[in-house]
Amino acid sequence: MIEAVLAGYGLSLGLILAIGAQNAFVLRQGLRGEHVFAICLTCAASDALLILGGVGGFGALVSAAPWIEPLFRYGGVAFLLVYGLRSYYAALHVSDGLEPAEQAPARLWPVLTTCLALTWLNPHVYLDTLVLIGSVSTQFDPFRWAFGAGAVLASFSFFFALGYGARLLRPLFARPSAWRVLDALVGIVMWAIALGLLVG
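Per this note's numbering, residue 8 is the first one in the sequence shown, and the count goes up by one each step.
Hints in this document: simulated from the structure, not taken from any laboratory. Where hints are given, some of them may not hold.
To be verified - DEER-style ranges, computed between Cβ atoms:
| hint | residue 1 | residue 2 | range |
| --- | --- | --- | --- |
| 1 | Phe-44 | Asp-148 | 31 to 39 Å |
| 2 | Val-188 | Leu-123 | 28 to 36 Å |
| 3 | Leu-13 | Ala-52 | 44 to 52 Å |
| 4 | Asp-148 | Leu-205 | 17 to 25 Å |
| 5 | Pro-149 | Ala-181 | 43 to 51 Å |
| 6 | Leu-78 | Tyr-171 | 26 to 34 Å |
| 7 | Leu-179 | Glu-41 | 17 to 25 Å |
| 8 | Ala-72 | His-100 | 35 to 43 Å |
Backbone N, C-alpha and C fix where the C-beta goes; we use that ideal spot for every residue, glycine too.
Work out the full structure: start from the sequences and follow the hints.
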């Protein structure tokens with residue numbers, strides 16, 4: 008069970024770490040100190056709903072049609088390899104630091120609306136949670152819910168650490184080298200998980 012929790016945590020964290028609009032938005036709000044708790048909770052709770060839906064729904068689907076599992080397993084391997092390759096490419100070619108201090112709405116509801124849009128209107132979030140995490144979770148039966156719990160824990164810990172730790176990170180992530188290291192680490196995690204799927 009512990010192995011399933013750690014695997015879920017590692018996969019989810021690797022997916023969330025990818026630099027994107029949502030993370031930049033959370034980082035920006037953290038740097039500005041505006042509605043940090045609400046933003047972090049919204050992002051993490053949204054991820055939790057999608058992850059649990061993927062773990063539960065995908066498991067039922069695989070039981071009804073066993074041929075789907077290997078299809079998604081190798082599809083997940085291909086996705087992880089490409090994802091890792093993109094991270095390595097970004098690590099080699101990034102030339103700018105992140106500028107998260109753009110203007111943002113000061114009132115809660117406009118900020119939450121933007122956060123929800125960045126989360127739920129991003130097509131990659133469905134691939135990451137419902138498909139990828141859902142498919143990988145089947146490799147950990149009968150502990151797939153422990154895998155899902157690890158993935159949810161990664162989401163909560165990441166978003167709250169990013170939101171509340173943003174002020175400490177501002178000098179660091181103003182430098183392109185910090186993003187190079189982060190992207191390289193994401194690539195390593197993605198390829199390690201792909202290898203685990205292939206040999207497992």
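field: Hints the structure fails to honour
entry: 3 and 6
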